[in-house]
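Protein chains: 2
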Amino acid sequence: MPKIVDHEERRIHIVSAVRAIIVRDGFDRVTMRTIASELGYAHGAITRYFPNKQAILTAVFQDLHDTANSRIAEGVGEKRGFDYLHHVCASLLPFGRRGRENARVVLAFWSLAAQDDEANAVYRKHTGRWREYFTRALTEAAEDNTLRGDVDIEVAADEISAANSGWQVAAALNPPLVTSERLTHALDALIGSFRA
Amino acid sequence: MPKIVDHEERRIHIVSAVRAIIVRDGFDRVTMRTIASELGYAHGAITRYFPNKQAILTAVFQDLHDTANSRIAEGVGEKRGFDYLHHVCASLLPFGRRGRENARVVLAFWSLAAQDDEANAVYRKHTGRWREYFTRALTEAAEDNTLRGDVDIEVAADEISAANSGWQVAAALNPPLVTSERLTHALDALIGSFRA
Numbered sequence: 001m002p003k004i005v006d007h008e009e010r011r012i013h014i015v016s017a018v019r020a021i022i023v024r025d026g027f028d029r030v031t032m033r034t035i036a037s038e039l040g041y042a043h044g045a046i047t048r049y050f051p052n053k054q055a056i057l058t059a060v061f062q063d064l065h066d067t068a069n070s071r072i073a074e075g076v077g078e079k080r081g082f083d084y085l086h087h088v089c090a091s092l093l094p095f096g097r098r099g100r101e102n103a104r105v106v107l108a109f110w111s112l113a114a115q116d117d118e119a120n121a122v123y124r125k126h127t128g129r130w131r132e133y134f135t136r137a138l139t140e141a142a143e144d145n146t147l148r149g150d151v152d153i154e155v156a157a158d159e160i161s162a163a164n165s166g167w168q169v170a171a172a173l174n175p176p177l178v179t180s181e182r183l184t185h186a187l188d189a190l191i192g193s194f195r196a
Numbered sequence: 001m002p003k004i005v006d007h008e009e010r011r012i013h014i015v016s017a018v019r020a021i022i023v024r025d026g027f028d029r030v031t032m033r034t035i036a037s038e039l040g041y042a043h044g045a046i047t048r049y050f051p052n053k054q055a056i057l058t059a060v061f062q063d064l065h066d067t068a069n070s071r072i073a074e075g076v077g078e079k080r081g082f083d084y085l086h087h088v089c090a091s092l093l094p095f096g097r098r099g100r101e102n103a104r105v106v107l108a109f110w111s112l113a114a115q116d117d118e119a120n121a122v123y124r125k126h127t128g129r130w131r132e133y134f135t136r137a138l139t140e141a142a143e144d145n146t147l148r149g150d151v152d153i154e155v156a157a158d159e160i161s162a163a164n165s166g167w168q169v170a171a172a173l174n175p176p177l178v179t180s181e182r183l184t185h186a187l188d189a190l191i192g193s194f195r196a
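Line by line, the protein sequences are chains A and B.
Residues in the first sequence are numbered from 1 upward in steps of one, following our numbering.
Residues in the second sequence are numbered from 1 upward in steps of one, following our numbering.
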């Protein structure tokens, strides 16, 4: 009987294994050969899903962000205003060992997205969506009279976006500085600066 | 008469040309061969100064930061407190076309620094120094009674560091969003959030 391959399962397996290889070795050291050999697949079994390592990195990044978006959707409940903003940011910031590991993937992906239109479109899709979340949260805070009167919502959304990206950099490049305590304090201070 | 080579001049020439090539093509597409051929040097004339392209990227990054540090030192005058903080951040943020171009170099370097100890040490040296500047500025603001009473200086220094890094990401990956106006508003809002 011919072997039946579950393609979606295999794709997920590749993405998850490559994430671990990037975290361990760094993206530049990843080759299609290492990936195939570590997974015990023939080279062609990888290229069937991903033509090159850049395509896999984009899929790994996309996967991290799908996970983050599920986390946001799951815990959101009836949250609005600053509670909602806190929830979204806490889901995106690089908390814990997993967060610091993922930050290494994020940095490799950003470097690719500076040079590759397809990767760049993925970056813009995600950051654009999150910016809408921030704007929604701040608009709700204004409706609820909890937003400080002189806060400009667009400027504040820019600040939140920059802070979230900046913490990824620190988490990847100087992980001892990025403890959960410091992340929590910084997030509280940022949100606090918008409160009436 | 043998040709006399000014090694420092040649080194500077290589670094400046490679910056332009990274901005134009992206770091992944840079090869030692392209560099040598665009500069009209023999391959060996490049490797004499830099053993590989990672070493050149580190030198280009180091050069950007030496330039930023000179800009900070030149304009600083008698500035202290929030004036000093504004001056330092304005020198680091990706203002203008040059700032957006340099941000592409910064992202490529960060990706390297996540995988390479030497590059990582350069990153930590610079960000560590800037963090000291932020701390100094906030400490002076506290002495001058211009710092809001509930601001924790370490947390605020973390916030400023994250914001500065985050704007590099946006400048490289979504340059139309990073106008001088938006950068200025975000910097003013961040500093404003620390003021008494």
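Some hints here could point you the wrong way.
Calculated Cβ distances over 10 Å to all of chain B for the following chain A residues [claimed, not checked]: (1) H13; (2) R29; (3) E38; (4) A42; (5) Q62; (6) S91; (7) Q115; (8) G166; (9) V169; (10) A172.
Sample of chain A residues facing chain B (criterion: CB under 7 Å; computed from the structure) [unchecked claim]: (11) R100; (12) W110; (13) H126; (14) R131; (15) T135.
Using C-beta positions, here's what the derived DEER-type ranges look like [said to hold, decoys possible]: (16) D25(B) / Q62(A): 22 to 30 Å; (17) E181(A) / P176(B): 34 to 42 Å; (18) D66(B) / I12(A): 40 to 48 Å; (19) T31(A) / E154(B): 35 to 43 Å.
Hints in this document: simulated from the structure, not taken from any laboratory.
This one's a predicted model, so the numbers in the text were calculated from it and none came from an experiment.
A virtual CB, placed ideally from N, CA and C, is assigned to each residue, including glycine.
Here's how the hints hold up against the structure:
no. : hint                          : verdict
1   : H13                           : holds (24 Å)
2   : R29                           : violated (7 Å)
3   : E38                           : holds (18 Å)
4   : A42                           : holds (26 Å)
5   : Q62                           : holds (15 Å)
6   : S91                           : holds (17 Å)
7   : Q115                          : violated (3 Å)
8   : G166                          : violated (3 Å)
9   : V169                          : violated (4 Å)
10  : A172                          : violated (5 Å)
11  : R100                          : violated (11 Å)
12  : W110                          : holds (5 Å)
13  : H126                          : violated (11 Å)
14  : R131                          : violated (9 Å)
15  : T135                          : violated (14 Å)
16  : D25(B) / Q62(A): 22 to 30 Å   : holds (25 Å)
17  : E181(A) / P176(B): 34 to 42 Å : holds (36 Å)
18  : D66(B) / I12(A): 40 to 48 Å   : holds (46 Å)
19  : T31(A) / E154(B): 35 to 43 Å  : holds (42 Å)
The earlier numbered hints that this structure contradicts are 2, 7, 8, 9, 10, 11, 13, 14 and 15.
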